[in-house]
Structures are given as C-alpha cells and as structure tokens.
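There are 2 protein chains.
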Amino acid sequence: MISDKHIVLLVGGVGGAKLAYGMAKILPAEQLTIIVNTGDDFWHYGLRICPDLDTITYTLGGVVDPHNGWGLAGDTRQTMKSLKHFGADPWFGLGDRDLATHLFRTQLWHEKISLTQITQQITEAFGIKHTILPMTDAPVPTLVETIERGTLGFQEYFVKYRWQPTVTHIYSAGIEQTTISPQVQEALNRADAIVIGPSNPWLSINPILSVPGMRAMIEKGDKPRIAMTPIIAGNAVKGPTAKIMRELGYKVTAHTVCEFYGSSINGFIIDECDKDLGEIFSTPTLAIDTLMDTNEKRVQVARETLNWIKEIR
Amino acid sequence: MISDKHIVLLVGGVGGAKLAYGMAKILPAEQLTIIVNTGDDFWHYGLRICPDLDTITYTLGGVVDPHNGWGLAGDTRQTMKSLKHFGADPWFGLGDRDLATHLFRTQLWHEKISLTQITQQITEAFGIKHTILPMTDAPVPTLVETIERGTLGFQEYFVKYRWQPTVTHIYSAGIEQTTISPQVQEALNRADAIVIGPSNPWLSINPILSVPGMRAMIEKGDKPRIAMTPIIAGNAVKGPTAKIMRELGYKVTAHTVCEFYGSSINGFIIDECDKDLGEIFSTPTLAIDTLMDTNEKRVQVARETLNWIKEIR
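As given, the protein sequences belong to chains F and R, one line each in that order.
Okay, so the first sequence: first residue is 11 according to my numbering, each after it adds one.
Okay, so the second sequence: first residue is 11 according to my numbering, each after it adds one.
This is chain F alone, in the form it adopts within the complex (with noise of 0.2 Å):
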C-alpha cells in the first residue's frame, strides 16, 4: 500500500517513539529503519543505559509502560527502593526487569561489542522486527550548560534535575571523532526518504544531525526528508522543548523549528492548529492533527506522512 520503499525514521525517546510506532505498524520491517539519539546514554552504578534506544524498543516491542511512555510495563522497583537504605538517592528511574537490559547490553559493552550489535540482540529478544540503530557507536554525550547548575550531562539535567535549570548551551562532546556506523550508512544509501521525529531538535534530533557525514547523506540526492514539529500552538506535547527554546532565545514556533533543520529537510509537518499562523515557511509544509494521544492516532499521522512522501516525491 505504502509501495516498497525504505524508509529512515530519526527519533529521540517518548514523542519520537510514537511515530516510530505507527510507522512500524504501517511499513513492513525491509521498509523501515530507526536512527535513534545516543545522546542521552549514560553511565550510572555501572552500567551503561540508553534511554532513548530503549524506549524505542520497549514501545516497539508493545511492552512500554503507557503511563511513562519509557520503562517496561508492569516493571517493579525491588532494587531501586534497596538503593535508597544506602542512602543513595536513585533518580534514575531503574525497574527490576528494565535492569535486565541494561545488565545484559554493559556486559556486551565490556566485551567490545558494538552498540549497533548489541541493540540488534536487545530488539530481537523483544519480538522486534523492524532494524533499530544507535546513530553512533562511539558515546557522544550530550552536555548541558545551565545557569543555576553549572555543565549537566544529559539525564542530570533531565531527569536528576527535572530540567529546571537555564539553558544557555547544549553540545555534544566528542562528536567530532566519531564516525557514521555501516549499517546507519548502508540504511541512509538504501533511503527513499527521511522522516524526523517530533523529537526535541536541539536535545535529541541534532545530536543526530551532527555525527560527522550524517546531515551530507541525509542530504544527498534529492530525497523527501522531512520533520514533524514538536511545538503546536506555541507548546510542546512534554518536556522541555519550548523552556528550552526560549531560554536559548527563540520563538517557541513551529516555524523556528523548521528553520533550525534548515536544508536538512525539504518539507515540514506542522499540527493543523497552527497553520493559520500566517507563517511563510522555506520549506513546503503539510498540516495535520499531529497529536498522538492513542496508538490510533500515531498510526494514522504515521499514514498521513507517508502519504504526503509519495505526493512529494
């Protein structure tokens, strides 16, 4: 129905996950491939976590916790609760079988496995069809400089912090040593067209962006690639886009949004609410409900852009 063509999805966690779900019940698993932000991965009592990859893969893999939008469904907290009689303070939210994971993909880690194979394994053991890959091998954490707190590392400042602290710099340290991996390179070759999440931009789609080489294969050809804003009606859905977006000085719009991805995309998907707005976008831009409250919804927007690629192409 969608053709056969290969589509590359680049997501964040909890919003770009929902259209990640809705195109994996659309596109059979030859047909999509996720790039998804390592951004946010961290070192933590030990172990090495990747927030995004796993809510990538918890949502695909239908075990995702519904109320979260991130852990496993039903997960209990044994160990995190033990935590605190050390007096520890465990502000990582770390479920008893979401532990699994991670326990599982640092054991791999310290055998010098990739990351991009050791995600394949993790997906597979969860019933995953579709190839999920972390946009580098190497860690590129992101950092985070804030008024109040000084230099955060990703979580720290998201979740340790709840993201209160000011926002003047974001970055990813270390980016420019890495490299693209093969198979992020092999999928982006084998694209028909790209599609960014409604994921944070600055926080979880330019990390992406910037591995070295990305934004010049993305570019390549003349390929749809196109981005759904996570700002309607002058807000984000959840977390910190638009306090971030004003503390680094922009108008909280979908229109700065697109500007932001620039020539990384040729068409843009804004919410219906806003395309009254008056707005003249660089870019050709196609609204629709982009709200995904329910796995309906986040199948029908994930149709509503794959149709819109055909039209463009």
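Worth flagging that the hints you see were computed from the coordinates, not collected in a lab.
Treat the hints with caution; some may be incorrect.
It does not matter which identical chain is meant; a pair holds if it fits inside one copy or across any two.
Okay, derived cross-link-like pairs now, BS3-like style, lysine-lysine, Cα gap no bigger than 30 Å in a straight line [what the hints assert, rightly or not]:
id : residue 1 : residue 2
1  : Lys91     : Lys170
2  : Lys230    : Lys139
3  : Lys94     : Lys139
4  : Lys320    : Lys285
5  : Lys94     : Lys35
6  : Lys35     : Lys320
Take the given structure of chain F and dock chain R to it, following the hints.
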C-alpha cells in the same frame, strides 16, 4: 565476660559467616574485626560483586537468606528472570534487592573509593556495628586451574561449573603486587588473638594469608592464633573443600588442614568426632562440637573458641 581483648577473625563466605555471627553476638563492636577473603570478587554484567563480603554482611545484618546462607532473605529475582529473555545464562544468583548492593558498590568503585571504605558504608547501611574489612583493596582474583575446563575464575569454577572440574592448582593472580591495607594493619596490630574460621583453607583462607605482609603480622608477637577445621569426619560440612583436598593429593582430614596452616597458627580446633583418630598434631588442639547448624550452636562454638583463647594465653 570475654574481657576486653580484641579478636581478629579471618573468614571466607558461608562457613565462616556462621562463626562470625556467633562471635558478633558475644563480642562488642570494638572487640571484633572480621577480615574477609576478596579472592572470589569479580566483575559480572559490569558490576563489582564481592560474594564473601556480602555473605558476612548479610549474615551479621540478620538479613541473610537462611536456606542458602548467602543472598537476602525473601529477595525476588525479576532481573534474573528477565536476563533469560536475552538468551543470557544468569548463572550467578542476583536477587533484586541484592543487586542494589552491587550497584551501590560499583558506583563508589568507579568514584575511586576504596573497597574498605565502600564496605564500611555498606555494613553501616545494614546496621552492623562490627568492623568488616576486605583482606585488601586491590582486586586479587583467585584462579582455579582445572583438567576439564582449563583456568577458571573462582565464581565460574564454584557457581557456573558447580565445583565439578578437577582442580590441579589454585592461585591468587597478582597478589605479589597488593599491599595490606592500613585498616587491616591496624586491626592486626591491635589484635590480642587471631581466629581463622572454618572456611576453605585453599580457596578462602590462603588468599588472605597470601597478601604480602599478612602472615608476618599474624605471627608477630606470640598471641594466640587458632584455626577451626572445616573438615569433620573426613568430609566438608558444605562445598568443595574435601573434593579439592583429594584432587590436590591431600588426605581429607582435619590434620591435613592443621599442617597446611603450619606456623600461621599455634592452636587448632577439631571436631569432637575426630578426637580419637590418634593423629599427632604439631600444635595444641581443642576438640569441640564444631557443627554450627543453628544460631545457638554458632554462639556456643564462638564462646568455646573464645574461652580456649583465654586458656592459651
């Protein structure tokens, strides 16, 4: 009642924990220091795991699993169950609450805090007043050479292969480079007597005695230093002691153990059922009922041991 003498007890895991429990019930905190084998410590799923330290801690904290003698009573195993979904073979028992101990320790380990200090924080969290010290701060893995499986890490030998491979040699990798910690040194300096618990002499006690400087400090002066046999009626109460003795070419008797300790001891406790074997010991012996299958028996054996120390002096 036992006067104000300071006792240092050397132990491994489950067997030694029984005597440690009994002594801790009798002696106030300032009169008992327990030095624990760390040759069993290993990295597993990226976590630093110290089985003997945890067994002693959980036992003295009154939270040990009474059936196994290790792990936490009533612990759940959600993480381990989930690890199986990854095709991993979680051969080492990790309870969910037990995992918190490993996570906390690993976090501090990566912060370059010494194992001695980490252990102090953990034992305090379990409400333990007595001092529990790792034999040394540096990793000194006990390696077991076997006929069937080559050289194995201790936990692989002991847990993964259930001590079934035939042992040809046991050694502590890198022990020459380790040093006795200031805390162990201080405890031994202050000691009025040293007791070696009924742990495996080759696997648990010899690693402790092999830390450079340890034997000299124990033998310094002429204080009582007595060991308790782990062999009763030609067999071990639990575990591979007898099997290993046979494989290493020893006769499986308490007498062999006593000779193995040599000048490190000047007193040896055998089980009363072995007192009529007519063996000539090179050191004074005491024959008592050494089986510590109840908490009452543990206190009783500890009391008889401490009373004998007073007589020896």
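Check: Out of the numbered hints, which ones does the structure contradict?
Finding: none
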